[in-house]
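Undergrad: Spelled out, the chains give:
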Amino acid sequence: MQKSFSLDLLKVGEQATIRQLDSSELPSKFYEMGLLPGTVIEVRHKGPFHGPIGLHILSSNLLIAIRKSEAAHIFVDK
Amino acid sequence: MKNPIVAFLGNPNVGKTSLFNRITKLHQHVGNYPGITVEKREGSVKANGKTYRVIDLPGTYTLFPTSMDEEIVYNVLADRNNPAHPDLVVVVAEPNNIKRSIVLYQQARELGVPAIFVVNMIDEVNAKGIDVDYQKLEAYLHTKVYTTDARNGKGIKQLIHAFDERPGYFPSQFAIEEPYKTALDEAKKAFPLHTEYQTWQFIAQENISFLTKDQQETLTDIRERYQLSPNVLQQTEAIKRNAKIEEDLKTVILQKDNHHLHRTNKIDKVLLHPVWGYIIFFFLLFLVFQLVFILSEPIMDWIDENFSALIDYAAGVLPEGPLSDLFTQGVLAGIGGIIIFVPQIAILFLLISLMEETGYMSRVVFLMDRWLRPYGLNGKSVIPLMSGVGCAVPAIMAARNIENTKERLVTMLVTPFMTCAARLPIYVVLISLVIPNETFLGFGLQGLVLNLLYILGVVAALVSAAALNKIIKNQHKSFLIFELPSYKSPDWRNVGTNMWEKTSSFLFQAGKIILAMAVILWVLGNFGPNDKFSNAEQYVLQANPALSEGELDEEVASFRLEHSFLGYMGMGIEPFVKPLGYDWKMGIGLISSFAAREVFVGTMATVYSLGEDIDPDDDEERETLLGRMRSEINRNTGEPSYNLASGISLLLFYAFAMQCMSTIAIMKRETGSWKWTLIQTVMMTGIAYIVAFIAYQLLK
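Line by line, the protein sequences are chains A and B.
Residue numbers for the first sequence follow UniProt numbering, so the first one is 1 and each next one is one higher.
Residue numbers for the second sequence follow UniProt numbering, so the first one is 1 and each next one is one higher.
Possibly wrong hints are sitting among the right ones.
Only pairs whose alpha carbons sit at most 35 angstroms apart, straight line, appear in this in silico DSBU-like list of lysine-lysine [unchecked claim]: (1) B:K473 / B:K675; (2) A:K78 / B:K266; (3) A:K3 / B:K269.
Examples of chain A residues toward chain B, derived with CB under 10 angstroms [said to hold, decoys possible]: (4) S23; (5) Y31; (6) T39; (7) K46.
Residues on chain B that point at chain A, a partial pick, calculated with CB under 10 angstroms [to be verified]: (8) N11; (9) V103; (10) N231; (11) Q234; (12) E237; (13) E246; (14) T264; (15) S362; (16) V365; (17) L367; (18) W371; (19) R373; (20) E483.
I should point out that these hints are in silico values taken from the structure, not numbers from a laboratory.
These numbers were taken from a predicted model, which means no experiment stands behind them.
Note that the Cβ used here is the ideal one computed from N, Cα and C, for glycine as well.
Can you build the whole structure from these sequences, using the hints too?
TA: Laid out in structure tokens, this is it:
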């Protein structure tokens, strides 16, 4: 299995599984809104100039947006 | 017997408010939760032989609050002494987020509140590719599960019928294990009357407002001794609950292809596009403001005309005297000054709630966050800032859904810099006075200056946000996470109620203050300390015996104003406004328009003795006023009062100064403190003074 890397490196259209969130950097709201370890996500949108990232959570069919700086604290693998 | 309270709890975008509107119909009102300033939407419904109080709680994802709205929800549910504490909670879900809503449901039940579960938007269940085994779901939740569709009223009757359900036993779905068990056991000793989960919530949250100081200290002590971080506890709970629900519901909720999402995805490809997304957004923005001004104009003219007629009628019917004057020129004119803004505010909120209802507003947050972040703002600040172009009062209220305390505060502090509708009449009058009607690079110079003033408002808001961002300390880390809901056609019922709520809160809350100020100004302008006021006619006749009757009346009115309390106040502040290029007459305008900017034009008309009914939209009347203002000489400088220097200085003053009592009132209400309200007023008016001073000194 590939080593995990931070979510902001994913390109639009790529899918990955969340492995871990840096809990000291992110509030619990991230978990509560569905970004939990084991969740499969697909990057749907990226704002220009390091803008927000739109994530499709496959298991619940919901679309969540977070900042790029926050995505850097979420680790995924493909 | 007390009327039972039923509270609606749910994630944002589940149609909770539609459901609430369906059930309570128009039997609803907006109040405040005790002690805090978040709006409480409450209604009532008569059914099953009694009257239920129905409360629409703000949308939330969890009972661990991160914003003011969410804190309300927690306090209402967790604090048994809260006057809004419900007898039954209705947890509202939509097909796509049933699992996430179950977390909320479990939390509510484990706090000890009876709850039933509703899957709303049931008509979309097939398109969304969801298949639910309701019998199994009911068994799992230990409660009744209802299905509704708030848009067409399906299932509503059955739901209301269920308001007497009080599901009892609920087994905890969240096992608290080591390393937290020992800490929890110790905390339980301090809260013997509370359930285990309630106590857990106490440990896992900082600053629970309804606990006593002693209780809070006990909890802080336990947290410190066991080295517990609330954030980690909350995350632990979220992970455990979600993992268990995922496992338990494998055979209960089945998921297939979601057609709704395909459509949403297609639209988002355009609306969130790095180039097209912005072009469309700015086009829509332009369209919104055009519509606000174009659509409201005929209605405003109509109101204006009818109010003038009403005032004339009242003046004719009432016996002449100071009381009749107070009623017509003070009270009625004051009310007219409020109502005139209703069309603009109503239309602005019609368009904004359309953007919210369709799901587009979240896309705006997505597009704008990147550009607002450097200024210490948040993508969600877009809504208050945009609304600020209509009126700062509802705009400041729209800042409530910003989670971060600091970002919310900064947003509220800078929103009044945006060019609101009330500045427009002043701008129009002053620009036509001092800016030559020429073209510059093919554009009309006057229009260009007006555009510049709008841009100046945005720049002022952003620059001061950046400055405040450096000054104000941040209590929490800034973060942004929000849902991009599927696009849907708006629920007109919601749009209507939202529009009415926002407009009426302007009309009644701000209206009270504007009205009071109008009366005070009237008194100050209609009474004087000495006989120069009461015997004005004699003084004027002595000076100019040859005046015709019409001229005499105007001269007397002007002489009276000069020697009224207001006139003396204007002369009193003259030393302060002189460096800005104003004389005492303009000083009166500044004082009176402190209540509300739009008062300026009317006051100027009185000061220049043209009678009180000047309509700046009426070309002929405006020309008369303009002509009179043009020929006015500033007695300090001997130059025209309204020259380029003083005119620009005045424009800039109005662009920055906090000339609005309603904004001050709403800031006090929303921040709950006079401190920030005063800081804001001093900051804005201070900047206005300095900028106007520099502009005048450079240009004169």
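Undergrad: So, for every hint listed, does it hold in this structure?
TA: Hints versus structure:
{"no.": "1", "hint": "B:K473 / B:K675", "in the structure": "holds (15 angstroms)"}
{"no.": "2", "hint": "A:K78 / B:K266", "in the structure": "holds (25 angstroms)"}
{"no.": "3", "hint": "A:K3 / B:K269", "in the structure": "holds (31 angstroms)"}
{"no.": "4", "hint": "S23", "in the structure": "holds (5 angstroms)"}
{"no.": "5", "hint": "Y31", "in the structure": "holds (4 angstroms)"}
{"no.": "6", "hint": "T39", "in the structure": "holds (9 angstroms)"}
{"no.": "7", "hint": "K46", "in the structure": "holds (8 angstroms)"}
{"no.": "8", "hint": "N11", "in the structure": "holds (9 angstroms)"}
{"no.": "9", "hint": "V103", "in the structure": "holds (7 angstroms)"}
{"no.": "10", "hint": "N231", "in the structure": "holds (6 angstroms)"}
{"no.": "11", "hint": "Q234", "in the structure": "holds (3 angstroms)"}
{"no.": "12", "hint": "E237", "in the structure": "holds (8 angstroms)"}
{"no.": "13", "hint": "E246", "in the structure": "holds (8 angstroms)"}
{"no.": "14", "hint": "T264", "in the structure": "holds (7 angstroms)"}
{"no.": "15", "hint": "S362", "in the structure": "holds (7 angstroms)"}
{"no.": "16", "hint": "V365", "in the structure": "holds (8 angstroms)"}
{"no.": "17", "hint": "L367", "in the structure": "holds (7 angstroms)"}
{"no.": "18", "hint": "W371", "in the structure": "holds (8 angstroms)"}
{"no.": "19", "hint": "R373", "in the structure": "holds (8 angstroms)"}
{"no.": "20", "hint": "E483", "in the structure": "holds (6 angstroms)"}
The structure agrees with every numbered hint stated previously.
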